[in-house]
Amino acid sequence: MAMMLGFGLCQVAGAAAVSETNRKLADSSTVARPAPREKEARSNESRATDQASPPISASFGSSGMDECWEKLQAARRPSQVVRLSEACEASFPGGAFAGEMRKLAAGAGKVLEIQHAVGLSGDFFEDSVGNPEYRLNLDKAVRGDKNAAYLVAIAYRIGTSGVGKNLRRMEQWLHISAGLGNGLASWELAEYYNYGGRVADAARFEKRAIDLGYKPAFRLPTRGY
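Using the working numbering, the final residue of the sequence shown is 424, and nothing's skipped along the way.
Because the hints were derived from the structure by calculation, they are not lab data. Some hints here could point you the wrong way.
What the hints assert, rightly or not - Across the chosen pairs, the derived CB separations fall in these ranges:
hint, residue 1, residue 2, range
1, GLY294, ALA399, 42 to 50 Å
2, GLY358, GLY380, 20 to 28 Å
3, VAL317, ALA402, 16 to 24 Å
4, LEU411, HIS315, 18 to 26 Å
5, ALA402, ARG367, 18 to 26 Å
Stated by the list, open to error - Pairs of lysine to aspartate or glutamate residues, derived as EDC-like cross-links and limited to a Cα-Cα distance of at most 16 Å, are as follows:
hint, residue 1, residue 2
6, LYS309, GLU285
7, LYS302, GLU288
8, LYS302, ASP326
9, LYS309, ASP338
10, LYS364, ASP326
11, LYS302, GLU325
Glycine included, every Cβ here is placed at the ideal spot set by N, Cα and C.
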């Protein structure tokens, strides 16, 4: 109980930052569709998941590219995004489409590294809960968006966006966001660990937050290091 009362104090400081993160997320567009290419061969990627995918925008002008994009949009796990985007790039090398595939593979690859470091299974990302806003943030987070990963963590911290309150999930998503370079996420993870008595972990994530450029407004008197 004491840990949660203490951690609640840092949420006050984080509220304004959440608003700012939402603004930045709103300003950023979703993954852009590259320019069409003519007379490309059809792609032979592995099957995608059978879960619902986000809306698909206008055609690339190549059925093979559209097929690639549909499979990528349906992918829920970082490993799937990496595998499919690399296969799409191999099938349609060169040009804006291939560049977009490399970007997707790089972003999801970072999340995959964090997944392994934290010890998460691929099932962690096969999450069917949440409202459309949560689902959009989840898809962006899987593809390496640090701010979207932070917003997923906040949804679990306060139990909003169609998901229940779950501090373990919050911690895991803060790990992912911090690993992707979000200083605020790293700082809040440090605060969470500090109140839980995990002083070494708190010091590690506090240092990372500062290294990432985060400037905390205050230091709590309960800090144990």
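Is it true that GLY358 and GLY380 lie within 20 to 28 Å of each other by Cβ? holds (26 Å)
Can the restraint linking LYS302 and GLU288 be considered satisfied, given a maximum Cα separation of 16 Å? It holds: about 10 Å lies between the C-alpha atoms, which stays within 16 Å.
Hint check: LYS302 vs ASP326, CA-CA at most 16 Å. Holds or violated? violated (24 Å)
Satisfaction of the hinted span 18 to 26 Å by the C-beta atoms belonging to LEU411 and HIS315: holds (21 Å)
Are the Cα positions of LYS309 and ASP338 separated by 16 Å at most? holds (14 Å)
Between the alpha carbons of LYS302 and GLU325, is the straight-line distance 16 Å or under? violated (22 Å)
Return holds or violated for the Cβ distance of VAL317 and ALA402 against the range 16 to 24 Å. holds (18 Å)
LYS309 and GLU285 were given as a pair; does the straight-line alpha-carbon distance stay at or below 16 Å? holds (14 Å)
Hint consistency between LYS364 and ASP326 [alpha-carbon to alpha-carbon, up to 16 Å]: holds (14 Å)
State, for the Cβ atoms of ALA402 and ARG367, whether the hinted interval 18 to 26 Å holds or is violated. Once the Cβ atoms are compared, 21 Å apart, the range 18 to 26 Å for ARG367 and ALA402 holds.
Cβ-Cβ distance between GLY294 and ALA399: within 42 to 50 Å? At 48 Å between Cβs, range holds.
The structure fails to meet hints 8, 11 from the earlier list, while all remaining hints are met.
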